[in-house]
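Residue numbers (the UniProt record's numbering), protein chains in the order written: chain A, 1 to 411; chain B, 1 to 416.
Treat each hint with caution, since some may be false.
[As the list claims (entries may be wrong)] DEER-style ranges, computed between Cβ atoms:
1) A:V145 - B:E260: 35 to 43 Å
2) B:M407 - A:G120: 42 to 50 Å
3) B:E222 - A:I99: 32 to 40 Å
4) A:D221 - B:N267: 16 to 24 Å
5) B:L146 - A:V139: 29 to 37 Å
6) A:P322 - B:S368: 39 to 47 Å
7) A:A403 - B:H186: 53 to 61 Å
8) B:L146 - A:D221: 45 to 53 Å
9) A:G400 - B:L6: 42 to 50 Å
10) A:A403 - B:N80: 39 to 47 Å
11) A:V139 - B:I82: 16 to 24 Å
12) A:D188 - B:L136: 40 to 48 Å
Simulated from the structure, these hints should not be mistaken for lab results. C-beta atoms are modelled at their ideal positions from N, C-alpha and C, and glycine is treated no differently.
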Amino acid sequence: MTKRKTFLTNLLIFLSILGPGIITGSVDNDAGGITTYSVAGATYGYKLLWTLIPSFIVLIVIQEMNARMGVVTGKGLADLIRENFGVRVTFFIFLGLLIADIGNTATEFAGVAGSMEIFGISKYIMVPLAALAVWFLIVKGNYTVAEKVFLIFSVFLLSYVISALLSHPDWKAVGQSIIKPTMSFNTDYLSMVIGIVGTTIAPWMQFYMQSSVIEKGIKIDDYKYTIWDVVIGCIATVVVAFFIIVACASTLNVNGIKINEAKDAAMALKPLAGELASGVFAFGLFIASIFSAAILPVATAFYICEAFGFEAGIDKRLDEAPEFYTLFTAIIIIAVAIILIPHAPLITITIWTQVLNGILLPVVLISMMLLVNNKEIMGKYVNNPLKNVIGWSTTIILIGLTAVLMFFSFA
Amino acid sequence: MPILSLYLSRILGNKILLKNGEVLGKLKDIGVSTELTHPIAISMLVKTKSGVKEYKWENIKITKKFGQYELMCTEPIEANGIKDVLYLSKNVLDKQIIDVNGRKVVRVNDIRLALLDKGLFAIAVDIGVEGILRRLGLAKPLKRILKRFGKTISSKFILWEDIETITRARENIMLSKTYHKLATLHPSDLADIIEDLDFKAGIDIFSSLEHGRAADVLEEMETDTQRSILNELPVSKAADILEEMPADEVADILDDLNEEKVEELLNEMENNASLEVRELMEYPEYAVGSLMTTDFVAFENTLSVEEAIKELRLLKPDEDIIYYIYIVDESNRLLGAVTLRDLVISEPNTLLNEIMNKDIIYTRDMDSIKSLIKTVTKYNLVAIPVVDEDMKLLGTVLINDIIYELMRSGKTYARR
Numbered sequence: 001m002t003k004r005k006t007f008l009t010n011l012l013i014f015l016s017i018l019g020p021g022i023i024t025g026s027v028d029n030d031a032g033g034i035t036t037y038s039v040a041g042a043t044y045g046y047k048l049l050w051t052l053i054p055s056f057i058v059l060i061v062i063q064e065m066n067a068r069m070g071v072v073t074g075k076g077l078a079d080l081i082r083e084n085f086g087v088r089v090t091f092f093i094f095l096g097l098l099i100a101d102i103g104n105t106a107t108e109f110a111g112v113a114g115s116m117e118i119f120g121i122s123k124y125i126m127v128p129l130a131a132l133a134v135w136f137l138i139v140k141g142n143y144t145v146a147e148k149v150f151l152i153f154s155v156f157l158l159s160y161v162i163s164a165l166l167s168h169p170d171w172k173a174v175g176q177s178i179i180k181p182t183m184s185f186n187t188d189y190l191s192m193v194i195g196i197v198g199t200t201i202a203p204w205m206q207f208y209m210q211s212s213v214i215e216k217g218i219k220i221d222d223y224k225y226t227i228w229d230v231v232i233g234c235i236a237t238v239v240v241a242f243f244i245i246v247a248c249a250s251t252l253n254v255n256g257i258k259i260n261e262a263k264d265a266a267m268a269l270k271p272l273a274g275e276l277a278s279g280v281f282a283f284g285l286f287i288a289s290i291f292s293a294a295i296l297p298v299a300t301a302f303y304i305c306e307a308f309g310f311e312a313g314i315d316k317r318l319d320e321a322p323e324f325y326t327l328f329t330a331i332i333i334i335a336v337a338i339i340l341i342p343h344a345p346l347i348t349i350t351i352w353t354q355v356l357n358g359i360l361l362p363v364v365l366i367s368m369m370l371l372v373n374n375k376e377i378m379g380k381y382v383n384n385p386l387k388n389v390i391g392w393s394t395t396i397i398l399i400g401l402t403a404v405l406m407f408f409s410f411a
Numbered sequence: 001m002p003i004l005s006l007y008l009s010r011i012l013g014n015k016i017l018l019k020n021g022e023v024l025g026k027l028k029d030i031g032v033s034t035e036l037t038h039p040i041a042i043s044m045l046v047k048t049k050s051g052v053k054e055y056k057w058e059n060i061k062i063t064k065k066f067g068q069y070e071l072m073c074t075e076p077i078e079a080n081g082i083k084d085v086l087y088l089s090k091n092v093l094d095k096q097i098i099d100v101n102g103r104k105v106v107r108v109n110d111i112r113l114a115l116l117d118k119g120l121f122a123i124a125v126d127i128g129v130e131g132i133l134r135r136l137g138l139a140k141p142l143k144r145i146l147k148r149f150g151k152t153i154s155s156k157f158i159l160w161e162d163i164e165t166i167t168r169a170r171e172n173i174m175l176s177k178t179y180h181k182l183a184t185l186h187p188s189d190l191a192d193i194i195e196d197l198d199f200k201a202g203i204d205i206f207s208s209l210e211h212g213r214a215a216d217v218l219e220e221m222e223t224d225t226q227r228s229i230l231n232e233l234p235v236s237k238a239a240d241i242l243e244e245m246p247a248d249e250v251a252d253i254l255d256d257l258n259e260e261k262v263e264e265l266l267n268e269m270e271n272n273a274s275l276e277v278r279e280l281m282e283y284p285e286y287a288v289g290s291l292m293t294t295d296f297v298a299f300e301n302t303l304s305v306e307e308a309i310k311e312l313r314l315l316k317p318d319e320d321i322i323y324y325i326y327i328v329d330e331s332n333r334l335l336g337a338v339t340l341r342d343l344v345i346s347e348p349n350t351l352l353n354e355i356m357n358k359d360i361i362y363t364r365d366m367d368s369i370k371s372l373i374k375t376v377t378k379y380n381l382v383a384i385p386v387v388d389e390d391m392k393l394l395g396t397v398l399i400n401d402i403i404y405e406l407m408r409s410g411k412t413y414a415r416r
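Construct the complete structure from the given sequences, taking the supplied hints into account.
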């Protein structure tokens, strides 16, 4: 028998490792992301498509480090931060993360509410139902089941491609905007650019990515396949973002329609691109929202418990892991409550959530860079000089952009 | 000197004064001996102006002044690379450890020390919320507020003798008496613990077990963990462990690995062991053959009771397979069965032929598991023999394995 790996065995190994990168990439296009892309497309047309290229690079660099740390150490980012930076840093990161993630989860349920409005279903029915569904998927399912559901969700996100094609985009203009990027130096334009790049990197995602690599039990020999998982996940993120911008640009921008929310985009598509395009767009929003609404609360509860040594895990009973279940359920309940309160200040909540994400991001990114360069933790898998240059400049640029964005949102 | 009980977090970072009032540096870490159940402080790391230095934990005085601890070192003795040291902050604080009595993995929030005449001892780890709050500097004010409402913050301690620290081999510490406290745990508990740890630490612990015990623990693990452990271990070691397991369990585990790995492992295993496994793996998933174990007791019908009992004493079979003894003819065809009770109560020179139950219920290797379950429940069997088309005895299915199978795929059977 020959020991050489054939193309087929390579493919099989790759398929078995596929998952974490793609799912993280898809969660990335959550309700908040779709809103950002829709507004960008409606306001600036195809002009902002070029921003997806830096977004793509940033994503790959950061997620590759996460995956590598997970594979090499077998520990989650939360564990590594706690073990190397002590309880104080950990406490403040996770307090921030908890509050931000309640806000993030609320945004996701807002996405569920908005997308269902398009189909004429009241949010007072749909949001509690969605919350229950999410609760059961997480509590009753295991990682394998959840991952399969999530992978199917990821495929559904391609509905944005359909919706974009149905809106007959001007492909020449699309191509031009990517090849010849234009820059305007007014605050609105700049904050939109920063918004697009910034929405691709959320603090909690770093924790999620690393944990799911570990949950899959990927070892260092398979690392080369994991890279491809990361790359494909990043491509998926950018492709979906691309088509959302295109769909909104080719219909709303051309007709001069301004929007504030992702659901506005779906609504506005109806007379311009037809009922089908509008429905498909709304469906994509629904899937994306519920997808992230499922992952966010459980992930948050998990990291917090891991960092502080509480029992955690969806295979544990309620009395075995009370802190975990309390946190998980509380995040969902608070998020749902925020959405269901009539006249809740949703926009204020969204802004403050983003501010908090912005404060957390530098802390998380710098922690990551320090950890990934620590020889005691990473052994020979520390960043090489090239990766360090890219990693630190990405970190500094992201921190800079976030600082600017926060400045704008208060100016 | 009075007994003083204090927390590690309250003295880490404190200045160490010299006799003349000068400052030696800041206490960075305390190293304790590794061989005792009550580890005594033997060294310390001090952050001095010229970098971090290692000193012996000698000539140190700890006193409490205005609620703060003051450290004084009358005569510092520099040391380099003291052997068999466990550094409390580097290796224990904030890390995962195993609570041997509670049989779970916990995280260390603080360490409780006791200052006695003989020296400074680590006596317990704090895993409670109070430990976290203390390190955040919030414990005292919070306690004061809660006191007004008549409430307290719960603190949780584990005595040092009840914990097992997890340190890596490459940190060149004490791996000689590795994880001896874990030896007392049930394999099933140990499997849970290994699953709760990050897999590197899990592998470390698993590798330190002797083969027989490792096999028991591996048997109790979830499929995913089994797979990643077998992938991670060196092939020769994995094969040695698999040889210690019943063939049907091995076949189950190997079913989930990729073919190349399976072939590697089977080639490494001893021939007769791997042959059995190979045969079991041939069976399709739905067939009884895939569930049966090839460990069973069978005697020829011409044996006497006395000879049979003598034989059993030599074989020393496990308790779950000794209960039913199968009777076969010279070409291994199943004729009947006797129970252990039958053997014990019969006269020594009776032939097995005379006392065996000929109306034995059996199943064929290619029957479906579904029909097997029906038969077993209908006749309230504890075990059932498995034969091929020629009535040759191949193995037996124990009720234990059936229950496990049902639990694993409960939904599948309900749907069929």
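Handout entry: 16 to 24 Å as the expected CB spacing between N267 of chain B and D221 of chain A, which holds or is violated
Key = holds, 19 Å
Quick check: does the Cβ-Cβ distance between P322 of chain A and S368 of chain B fall within 39 to 47 Å?
With Cβ atoms ~43 Å apart, the hint holds.
Discussion item. For the hint 32 to 40 Å, verify it against the beta carbon of E222 of chain B and that of I99 of chain A.
Written reply: holds, 34 Å
Whether the CB-CB distance between V145 of chain A and E260 of chain B falls inside 35 to 43 Å = violated, 27 Å
State, for the Cβ atoms of V139 of chain A and I82 of chain B, whether the hinted interval 16 to 24 Å holds or is violated.
violated, 50 Å
Should the hint that A403 of chain A and H186 of chain B are 53 to 61 Å apart at their CB atoms be regarded as holding? holds, 55 Å
Practice item. For the range 29 to 37 Å, tell me whether the beta carbons of L146 of chain B and V139 of chain A fit it or not. Key: Check passed, 32 Å falls within 29 to 37 Å.
State, for the Cβ atoms of A403 of chain A and N80 of chain B, whether the hinted interval 39 to 47 Å holds or is violated. Given range 39 to 47 Å: holds, Cβ gap about 46 Å.
A range of 42 to 50 Å was offered for this pair. Does it hold for the Cβ distance of G400 of chain A and L6 of chain B? Distance hint for G400 of chain A, L6 of chain B holds at roughly 45 Å.
- request: For the range 42 to 50 Å, tell me whether the beta carbons of M407 of chain B and G120 of chain A fit it or not.
  value: Distance hint for M407 of chain B, G120 of chain A holds at roughly 44 Å.
### Distance restraint hint 45 to 53 Å, applied to the beta-carbon atoms of L146 of chain B and D221 of chain A
Holds, at about 52 Å.
Looking only at beta-carbon atoms, does the pair D188 of chain A, L136 of chain B fall within the given range of 40 to 48 Å?
holds, 41 Å
Consistency note: the structure conflicts with the earlier hints numbered 1 and 11.
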